[in-house]
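S.K.: Going line by line, the protein sequences match chains A and B.
Letter by letter, the first sequence follows residues 2 to 66 of our numbering.
Letter by letter, the second sequence follows residues 18 to 274 of our numbering.
Derived from the structure by calculation, the hints contain no laboratory data.
One or more hints might be untrue.
Part of the chain B face toward chain A, derived, beta carbon under 10 Å [said to hold, decoys possible]:
| hint | residue |
| --- | --- |
| 1 | G67 |
| 2 | T98 |
| 3 | V106 |
| 4 | R189 |
| 5 | P193 |
| 6 | G204 |
Where is the CB? At the ideal position from N, CA and C, for every residue including glycine.
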Amino acid sequence: MTLLLNGAPQEIAGRTLAEALAELGFSGRIVATALNGDFVPARKRAETPLNDGDRIEVVSPMQGG
Amino acid sequence: MASFYGFEPGNPLFLGTAQYPSPAILTDAVKRSGAEVVTVSLRRESAGEGAGQAFWGLIRELGVRVLPNTAGCHTVKEAVTTAQMAREVFGTDWIKLEVIGEDDTLQPDVVGLIEAARILSDDGFQVFPYTTEDIVVAGRLVDAGCEVLMPWGAPIGSGRGLNNPYGLRTLRRHFPDIPLVVDAGIGLPSHAAQAMELGYDGILLNTAVAKAGDPAAMAEAFALAIRAGRLALEAQPIEARDMAAPSTPVMGKAFLA
């Protein structure tokens, strides 16, 4: 299926958010996720199914004021 | 010293971590400022990059508290989701809540701010709202659960100092027991000293240090100014007056005319 990962189209085979993150190379990273604008806690990624056209945001720490 | 949700820093400088020439200079600036809290943010992470991981490692080595922000958020929904993501990544209930209402001034959307503050406070967050000096809005934020208020001095990054000292003084007098931090618009250490002399409990700044020619030296200058302003307040300054009053005693002066 095709997802929007941080605003860019991405082909994914995984069926859950956890599988998609592993497939995309985020394993072991300190990141937070949102699906279609809603926060998904790390503990719920494995039970969060994905659908074609979903918007996923993956964020990590950055400098801020 | 004021208590920010139970935390009482000896040095009430909240230092931003953005825009430094290098990570090493950021580290020097934080150390030399003596800041016990730094602000941080979130950004989209690309799989191959890992810059966020390196930055987070640097901050953890500094051993300071972090205050994550919701910079760039224009809606309540965006700000709430960002805060939730920040809580998980940074492992803190603290959130510097920004809901921006206007792009030229980065003025807070105070209506959205109050709504987001209520949602987040109810969800267990300890909210540091970036607001204006409006005392009615301040009261609503306190009602929404905020135990700290952060009015702007001037637009973010402008370096103009305290645009409305009268408004900031009024806010201070209306909320004598709420910790108040001037957040944004500070350009010079004298601005920070002025805010502390008004009775403010802390200063949050970033650009004035990060974009200075020597950020680490400027960080120390701000720390000194904040300490000076606080000390001056405690020492009870004199009132300004319109006419001169001789400081040297006139009694006993030789008559030479």
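S.K.: Taking each numbered hint in turn, which are not upheld by the structure, reported in ascending numerical order?
M.R.: The structure conflicts with hints 4, 5 and 6, although it agrees with all the remaining ones.
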